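Student: Given the sequences, and given the hints that come with them, work out the whole structure.
Residue numbers (our numbering), protein chains in the order written: chain A, 1 to 104; chain B, 1 to 620; chain C, 1 to 501; chain D, 1 to 505.
It is worth saying that the hints were derived from the structure and are not from the lab. Note that the coordinates shown come from a computational prediction; the quantities given were computed from them, not determined experimentally. C-beta: ideal position from N, C-alpha, C; glycine also. Take these hints with a grain of salt, some might be off.
With a Cα cut of at most 20 Å, we get these calculated DMTMM-like pairs of lysine to aspartate or glutamate [stated by the list, open to error]:
#1 Lys463(D) to Glu372(D)
#2 Lys170(C) to Glu204(B)
#3 Lys157(D) to Glu98(A)
Calculated Cβ distances over 12 Å to all of chain B for the following chain A residues [claimed, not checked]:
#4 Ala8
#5 Leu16
#6 Leu21
#7 Ala24
#8 Ile37
#9 Asn42
#10 Ala82
#11 Leu85
#12 Arg89
#13 Leu102
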Amino acid sequence: MNGVPISAFLALALILFCIGLYGALTKRNTIIVLISIELMLNAVNINLVTFSKFGMVPSITGQIFTVFVIAVAAAEVAVGIAILLSLYRNRRTVNTDEMNTLKN
Amino acid sequence: MENAWLIPLFPLLSFLFLLLFGKKLKEASAYVGILLTLASLVYSVIVLVGRLTNDTYKAEADWLQIGNLQLTVGFEVNQLNALMLVIVSLVSFLVHTYSKGYMHGDERFPVFYAYLGLFTFAMLGLVLSPNLLQTYIFWELVGVGSFLLIGFYFHKDSAKAAAKKAFIMTRIGDVGLLIGMILLFWQTGSFEYDEIFASVQAGEVSGTMITLTSILIFVGAVGKSGQFPLHTWLPDAMEGPTPVSALIHAATMVAAGVYLVATMFPVFAASETAMATVAIVGAVTAIFAATIGLTQTDIKRVLAYSTVSQLGYMMLALGAAGYVAGVFHLMTHAFFKALLFLAAGSVIHAVHTQDIEKMGGLWKRLKFTAPLFLIGTLAISGVPLLSGFFSKDEILIAAWANGNYVLFWLAVIAAFFTAFYMFRLFFMVFTGKPRSEYKNVHESPASMTGPMVVLGILAVISGYVNTPWFGTFLGDWLVEGNEALGHGHIEGPAWIMIVATLVSLAGIYLAYLMYMKRSLAQDWFTSRAPTVYSIVNNKYFIDEIYQSTIVYATKAVSLFLRFIELFLVEGLVKSVTGIVQGLGKLGAKLQNGQVQAYGTVAFVGLAVLMLIFALTGGYL
Amino acid sequence: MNSYYLSLLVFSPLLGIVLLALMPKSNEKGLKMLGVLATLPATILALLAYFSYLGGKDLASFSEQVNWMRFSDFSAIHANLFTVKYELGIDGFSLLMIVLTSVLATLAAIASLHIKNEWKGYYMLFLLLEIGMLGVFTAQNLILFFIFFEITLIPMFFLIGKWGYFNKEKAAYSFLIYNGLGSAILLIVIMVLFAKTGTTNIETLKVLVNGGEGQTLAAMSESLKMGLFIALLIAFGVKLPIFPLHSWMLRVHVEAPPSIVMLHSGILLKIGAFGLIRFGMGIFPEQFETLAVLIAILGVINLLYGAFLAFIQTDFKMVLAYSSISHMGIVLIGLGASNEAGVQGAIFQVVSHGLISALLFFLVSVLYERVQTTQMNELGGFAKSMPIASGFLLAGAMASLGLPGMSGFVSEFMAFLGLFKEMPILAAIGALGIIMTAVYLLRAVLSITYGQANREYAGIRDLRSFEWAPVLVLIGLIILIGVYPAVLSQPLENIVLGIGG
Amino acid sequence: MDLETLLSFDWGLMAPEFIILIATVILTLLDLFLPKKVDRKLLGWLGFASVLLAIAALTGLLDNPLGSILHDTFRLDAFAKAFKLLLLVGSALVLLLAIDYESKEGLTEYRGEFYYLFLTGLLGAMIMSSSGDLITLFVGLETLSISSYILAGLRKKNLKSNESAMKYVINGSISTAITLFGMSYLYGITGSTNLKEMSDMLMSISDSQHIYLLGLAFFMVFVGLSFKLASVPFHMWAPDVYEGAATPVTAFLSVVSKIAGFVILIRVMVSIFASVPMEDGTTPMLFALQDFIGFLAAVTMILGNVVALRQRNIKRMFAYSSIAHAGYLLVAFTAMSYVMFDSIWFYMLAYVFMNLGAFAIIQLVTMKTGSEDISEFAGLYRRSPILAVTMGVFILSLAGIPGTAGFIGKLNIFLGALMVNPSHYVLASIMIGATVISYFYYFGILSQVFFRPTATGEETKVKVPVGTTVVIILCAAATILFGVMPQLAFDFLQTNFEQFIDFMG
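Tutor: Pasting the structure below:
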């Protein structure tokens, strides 16, 4: 384990975060957007876990934080999907670019 | 004399009373006005008589406190204003009386008397003022009185225009006076005449400053006295009822300019340039107006130009250091010119026209008016033994004695013209055959002829208070105790008197030839120099020049400013609101309803912030 | 120390507001009556104060002070730091302004009898406006001043926007935004002063800002002071108004109901002058001195600009609007002279123009009520059908163009007297304005009163019953001041003394 | 952790939270088991009562000194108390509004859900204001967020509502992720999630790379949290969501949620970044980066007001207005002056009353026709002068006109911005300029209310239900009271919270 430097984990997290962000900001399908958001949150989790193990001041709290993040992310996505469902019932679409009745 | 301040209050009372109750009194208003001006007259005479034996009296009270400055109001009785008081109140009283007949039947009769009261009050107040500030105050008030009376027939557009013109032209002069007086105040520390004189004589004021301020003050006089180039309002002012012309535009208010210069004489005398300016303007005006008078056909306008011309004479006198001559002519002119105007009024009253070309042969029909008019004409023409002769002679002598030979000869020529056009007027109105059909030509009532008779007598005899033959009582008295005013009598060569007499007789003879005997064609001159005639007949196009320069320039400036207003001021506002609106539009456009755009904006914002942070913090 | 007299005075219209709120809104007579009556207590109290001052009462005895606000707790440093007290007081100048305000308010309330609808709301707002105006002149600290200042803004907005003429809403907005900006700038100045010194009391600030005893929390550099002063000039310049910040005021003059313009032109514009004298001169005397030339130049520009533009207007209200700009130039000229004569002239002009413009606008109201137009080419010959009103109109114009014997002359004269001492050439240019004033006023007034009627106006009546009161009172005061200026100069003695020199 | 330790905690400190929690549970159960025909307004009143009870409990705790339980994850300091009070008062008022809310599509069927979701949201906000640990902070934040997502989408059959909720979720999640990413770095550098410990750790930091990383974290946290404030750059969701959500929800979002956002922002920023020394070793990072916050504040104010000018939909307009208000509050935050807490608290107090008052009237006016165009307000003065005048009061207060609480609030913020050295002249000027711009649209509403006649010409009286009446009266009274006698609030602040000195303690 010692072979892998902390920066690699951090870079991975950063890349993951960016991929997630990119997905969340560009994908038309709302489901994919939600999944991309999950990616971003998971990037956070990687960061937290990395720091909790290899950080300057390692501590367990990082991992605890991760647990909370996972739980909350689940709730968030659940709510997101629920809302998407009701939107789909009304609008018959899951495309983000068609959600544009509210603007200006 | 301690109660001289009451004199102006009588007419003021008349004004206020008639303003409030005039409507109920109807034509009985006249009695209120007449009685109250009579009171003024009586009191003025008492004051004059008192002044003959006593010294100058002056009283003042605090008026306005400005920090440490204390401005006062009060009154002063000296030789000059004691004399003026009598002249003003006398003419005013006579005009009040005359108007009762002249204005009979006018629906605004009480208003007319109220205005007369206001004017008389202001004029008497002006005369009594012991300082420049107070003089200025009343100076403006007489202007208002004049304005109201000129515009008395307010429904006539010409009257409206004339009133406006009179007010504005004189106001141009007034501003000069205001500036001059304020400058003088900061130089001498006072508005009081005696203090200003003391300061000037003590040499506390620099020469340029004296010249500047006295010329500025003279500008005020130019405006008020209808001197060139601010004279154009005075002929137009004839739109007012004729008694008003007699009172204001012949005898009193227009003489106020002369009075002002006379009052400020010690200051003027301290600057040669100022004196020369006064003299030149006076002489130019005298001849200039006289030439215009030659061509006019409106009876009142002829008289108006003659007034301008005569006022020029007075200015010339003052400018030529002939203090006494100027004041003397002021007095005699007041009488004979008022007489002429009242007589003219009587003529107009009879024939209901002002155009002399339509008159003629009235001598027989107007038994009183005609001889009185003749007396006035003789007096103004400078025919020996009448008042105008003596005073005009004094002026010519003063001009000669002062070395202003050019101005002297100008004055002589003007005198010739005066005699000519006055007799032209007389002959055309009273002799020959009637040139149009008159109905009900009748002599005016006694209330009108009475005052004319009084003035007629004065026009004959008033010259005798100051003659080289019987003694210069007036002159000696006027300059008594005040060396700055010069001598009571200036000696001049005897031939001047002869020249003056010859010139006036020549003028009369020429008029006789042309208009009475008709041995000389009336268009003898006109046909030979039509251009000159046309220029003169059009009053040298002064009005037109003003119209196309000053008035036009004012309009141009106004339009230019409107342009600024519309494009710069409003444009500024519009551009600011435009920017705000534009920003709003932009912001709203950005809000395109796309959820991911929102996130992108946030992310880009974040990225930019981090980038700037990195750059400024030196981390990259 | 605490007399509550001023509070009573300032807030006395509140009683009227409450009573009006309880009245049914259809009771026209009652509402109008109450509206007029409600302005009387303030007038009576103000006049009482004036006469008791003439009778020798010390103005300081009117002041009152109550703790009001305290931002955070700095008592460890200084007990009064960052406190704002409710403090009212008057000096000679504000005494005059209060008398003017209350009198004009009563007269404008009478003029408001011409209002045609919604009397209840109208009079309630009107009285609120009066509170604001009275408060502005009595406030002893800047925040209180500002609050009252803004209180005048809101009722004015509604009064213009609801009871005005055709373009009323635009005018109301224009008023609001310009004045909003002006007061915004004012607020910045106030808050900077407050933040730097910990107080907004005017008297204390006068000492503190000029490096007197006591010390400010943070040093104020000269450039900061200059900046603040310029900001103040702009803030009050909007109100006054100074060219080129004036366009709102034209709209208000034209679109607002004349009774409101009486107050607007009579009092509200004067708040600008009041502020400049009180704060500009009081708190920043050195900066004022430095910029005096600029102020005088602005004054001359205002004077001439207003005059020339008034000359080509076709609407009588527009003429009066530009004439207000022109006349406010005289205030600036007086201030720019910044010597005793100039400042006193400026103050005189403030009062005098208040009376004169109120008179003229009242007559506009009278005229408009009868003929529904103020376009000069449609009017004419009113001296025949309405001789009395025309007479007063002429008198008002005469007063406005500075006829001696009326108040306008005294102020104009003093302002120029002051300026000629300091900057004679500029003053001479400004004197052109005196001529132009006569030109445009006569042009306008004569075209209404003289000449022939351009149109038949049937059944026009001259002044009637209640219309006499404002006209007589105003012209009376105008002449009183013109003839016996000591009524104004006496209370000003202490204020003017020591200015400049 | 055994029971004994658990019992040794002073659970009393959490009394208000517990009350809300219990009420939530009870409401949930009641909504489940009560027969359908029972009017769910009952639940609303119960919820309202619970909030009142929580306020009472909090008042009882006001005198408590600084206390913390659960290993300093929950702290009850002056800051928490002061802002919790605002949250509770705001919520109580919103609840009253919600009880009276009836729209065409009706919240009726989900009314029960509304109340308990509302309470959970409130609970989250309260936890946020009391938390002393990043984890609790995060949990509180998400409790609030998730509840509000659902609240926004509560009108299930309404497309706008769906759409707004969807937008809200997506943006909210992104913001959460960004915040968390930033927080993860903070944790990485300090090795702790406890704010106090983190602060202690950061004091000794000197490595410039770490400082750089902290700087980046600063921006991530700030931008992430700006979602809750609805400030630039994360403001764009607000207009859409405000428009789409039911009026009481909008009110909740614009008041309670916004206050919570500021609470967490201040908590995190001041606790953590005020301790990070910049490289020169003296200026803390928070102060060194003031210009950035100031810039964002300026843009927020300008943008909010400028775009609001173009709005015809009243709720959208208020969304932009609330963005602008967030900008004003950020000015106070930027200045970091001695009076920052006071000014933010007071401004929020004023904001609670003026904004909710305005929303109460908006709800009344728009409820009946369903249209939210500002022309609905035309002729309100004719229909109901009293409503019109109170609307006037709220609008004037929002515009910052003297005599209202909004003015004093702005005054306070100015004072703060100008009393620090160097003074924020530019920021203060922009703020005041933006205020003037806001006059345009605020007075636009007023001109509808007072100047225009009703569109239809009919002048039907507006019926005002009890709850709304109470809200309007309370809000109007408070708006004027705190405008005229602000010392009441200041005294309250100064006696109970002692300058918030225990914030860092």
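Student: Classify the label on Asn42(A) as holds or violated, using whether its beta-carbon is more than 12 Å from each beta-carbon of chain B.
Tutor: 18 Å, holds
Student: Is the Cβ of Ala24(A) farther than 12 Å from every Cβ of chain B?
Tutor: 6 Å, violated
Student: Verify that the Cβ of Ala8(A) lies farther than 12 Å from every Cβ atom of chain B, and report whether the claim holds or is violated.
Tutor: 21 Å, holds
Student: Does the claim that Leu16(A) lies off the interface hold, with its Cβ farther than 12 Å from every Cβ of chain B?
Tutor: The claim holds: Leu16(A) sits with its nearest Cβ about 16 Å from chain B, beyond 12 Å.
Student: Run the C-beta distances from Arg89(A) to all of chain B and say if the shortest one exceeds 12 Å.
Tutor: Correct as stated: the minimum Cβ-Cβ distance to chain B is 19 Å, above 12 Å.
Student: Looking at Ile37(A) again, its CB stays over 12 Å from all of chain B?
Tutor: 10 Å, violated
Student: Does Leu85(A) really sit off the interface, with its C-beta more than 12 Å from all C-beta atoms of chain B?
Tutor: 17 Å, holds
Student: Does the claim that Leu21(A) lies outside the interface with chain B hold up, using a Cβ gap greater than 12 Å?
Tutor: Violated: least Cβ distance 6 Å, not greater than 12 Å.
Student: Just to be careful, I want the Cα atoms of Lys170(C) and Glu204(B) compared with a cutoff of 20 Å; is the pair within it?
Tutor: 59 Å, violated
Student: Measuring Cβ to Cβ, find out whether Leu102(A) lies farther than 12 Å from everything in chain B.
Tutor: Answer for Leu102(A): violated, closest chain B Cβ roughly 6 Å.
Student: Going by Cβ atoms, does Ala82(A) stay more than 12 Å from chain B at every point?
Tutor: 17 Å, holds
Student: Take a quick look at whether Lys463(D) and Glu372(D) sit within 20 Å of each other, Cα to Cα.
Tutor: 18 Å, holds
Hint violations for this structure: numbers 2, 6, 7, 8, 13, all remaining hints satisfied.
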